[in-house]
Amino acid sequence: MITRRTLLGTAVAASAAGLFAPRLRAAIPDTLRFASAAGGPRRLDPNQTTQGSDNWAVVQVFEYLARPPDGNFGITPNDFEPWLAESWTTSDDAKTWVFTLRRGVQFHRGYGEMTAADVVRTFVRARDEGVNTANYSNLAEIIESGPYEVTIRLHNPDPMFLSSTVTARHVMVISKKAEEDLGEAFLTEAVGTGPYELERFDTERGIFLRRHVDYWGEPAIISNIECLYIADTTARTLALMSGDVDMAEGVRQPGWVPQIQNQKPDLLFDMTVPGSFNTLFFNMEKDPLQNILVRKAIMHGINKQEIVDALQPMSRMVYTLNPPNYPTGFALEDLPEDLRYEYDPDEAKKMLADAGFANGLTIQVNTSQREDYSTQHLIIQEQLRQIGVNIDLTIMDHSAYHATNRQNLNTLNINSSSLPPVPLYVFNDYAVSTANMTADGKGGANYSHYGVAMPGVDNLLAEMLQSTTFDDYVAKGREVELQIQRDLPMGGLPTLSYLVVRNPRIDLGYEVQGGYAYWRFCKAKIVA
Amino acid sequence: MTDVRTETPSAELIAEREILAPEPGFREAFSRVVLDRPSTQIAFVVVIIFILVAVLAPLIAPYDPLRQSMLRINQTPTAQHWLGTDQFGRDVLSRLIHGSRKSLIFGLLSPVFAAFFGTILGVAAGYFGGIVDRVISRIIDMLMAFPELLLAILIAAALGGSFWNIVVVLTVAFTPGFARVARASTLSVKQEPYVEAAIAAGVSTPHIIIRHIIPNISAPIVVLMALWSASSIRIEATLSFLGIGTRPPNPSWGNIIRDGLNSMFATQWPIFAGGLAITIVVLAISIIGDSVRDHLDPETNQ
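Here the protein sequences line up with chains A and B, keeping their order. The first sequence begins at 1 in the numbering used here and counts up one residue at a time. The second sequence begins at 1001 in the numbering used here and counts up one residue at a time.
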């Protein structure tokens, strides 16, 4: 029965469709159409992608030496299964890793069989030439120790090498010959070994893939994948509702999931847990954030549970920098009481008064237009208003927001990043002094100037990096986590699942539980 | 042969005539504009109501327009929230009421500023001519080459969305139009015998401009002001809809609609309420603007 509400909703949707929706088409047989939230594709080379949305195509075309189970991160070394490498061994000091490669793996478009030379080239370029060389700086030597064997020597021990390095997308194996042949064109026409190969890279519409017929493993079930780009959230939502796309990136703002569920109850929601880490940085070069009482007052003024409630079912509570289910993360009860920073507006006001701000204070803050950023900043703004902290918020384009962060122009910026359960990543990216953000834009993502404006955790981190066992590594990592909590240069905000809404006609073939913000379609099938 | 002597009237005589000349009283003009047609009467009442709502917003809004409640996200209308709530659980009616302040202030303020600056530029260009005219006219041409909305978006994107930035944006967007009309009217009025007489009598230039030019070009300027008040509200709403106008969390009708788009499958009321408010006020101001134009320039109506 058509209710007035349904009619009204449909009328609004139809009007909006006319305004926003791109060329609509009916579902195409044997094709999976995915819509991501970006304007257009940039690159397909896994070592050169600078836009998260491009990874949806990358992960179909390229493969790792070893991989965690579909739909999740691997946490311990035992969680990884052989993939392009048949097996591997590691030395007692966790500094030498030897990978034996699978034979008969064919590259796309006739570029021949994968050998050790391709793998060596892949790791060397990730360390020396990619967009994230810092994460591969521990690679000392990459040696072709046989036609199907690669030996990797590290500067420091890394018992988590598989999760920290081998399953990072920059070392997805590429064809050395194709790279040499294609030159600059390799950026958008890169050649891998995956179950899908590139059919067309359309800078306006998206990346079009077809099944790789010489694939070494189980062939993909669906023949074609279209990775489309629809930046406007309304247009993307309407494309999904109309059946024009089978899967679309969801909108991470309050009330979005329930309203879509109400409107179309048969749609399926795939979410990564924990998803994106959201970290609130206190820029300690800006007044009055050098004062730890002000920082503590702000943390006590933020009601994290309210953020979690607002962003259900995507949001999960976080008490330190890493989420509780990550190796170095803490549950509330494991933390000393004075490091919990639970919501307490009276305590926050008292701390502000002790800091000399009994009448409150105003802080200029920039935020991004992207809904997950602006939502969190708007909720925090309203919460802090209750304790007398007036956040003068400027909402800007997402790229401009990150640019101003990098130029030391922000004060209380939020950074959102989907990180694997590797403690080193978040500490290396956010907390170490060598990642200090500098106004010339050349620094890292340590927006707090931790370790520069005040002593940091560099020594503790160095100790962690000398660990040769997983347990020792985690124990040292938890010490780092606690020290950051004491100094409070930054604070963890609730995590936010990466969300994809799926038409029930698509069965992914596995359940999405965690992992990076992209997943494989090779097991997917069309069921209706 | 008859000696025909043309006597140039003295400045005092001209001033005396001006004093004696009957001018329509404000009340008479107002009643003729407003009361002549029922549609204008209704429009006038509507605008007055909206102005009252804007002025009394803190008193009549049922809730704090910024107050969030995560327990009441995206609600449809209830007895507590007559227009429902938005994605942060904020009361839509309260946001609409407070949003009227922004819309009406921008709607009235920017055309007034634009009329002021545009008239100065237009009269200077038209009256002095020569290099002054050429420079001002080229600047006006340049600015008019951009559609008002595009110009407003460019400036708003460059300056950001604070209150005075939006006033500046709309003022800059509208000034060329006023300047163009003021220039054309000045060129025409300048040829009138009474102006030539004043010049011949040695009346000072500022006096001529203020006493003779401006009063006689005011009709089209006033019409433009009335008509562009409506455009100003529309453009402010557009900028806020695009996210470069009124800065959230402060409400404006444009950003209420924008926020509503992402919640449209749960509640359509923010979109309808914001859209309806804009439509009604823009329509009412346009009707009044048309009446003012008809009154000041009856030929157009014929």
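Mixed in with the good hints, there may be bad ones.
[Stated by the list, open to error] Covered stretches of chain A, as calculated for chain B (at least 3 residues, CB under 8 Å):
| id | region |
| --- | --- |
| 1 | 164-174 |
| 2 | 258-265 |
[Stated by the list, open to error] Reference listing, derived: stretches of chain B covered by chain A, where coverage requires no fewer than 3 residues with Cβ under 8 Å from a Cβ of chain A:
| id | region |
| --- | --- |
| 3 | 1066-1074 |
| 4 | 1256-1266 |
Hint data in this document are derived by calculation from the structure and do not stem from the laboratory. Heads up, the beta-carbon is just placed ideally off N, CA and C, and yes, glycines get one too.
Status of the hints after comparison with the structure:
1. 164-174: violated (count 0)
2. 258-265: holds (count 5)
3. 1066-1074: Coverage by chain A holds for the region 1066-1074 of chain B (7 residues, Cβ < 8 Å).
4. 1256-1266: holds (count 6)
When the structure is compared with the earlier hints, a violation turns up for hint 1 alone.
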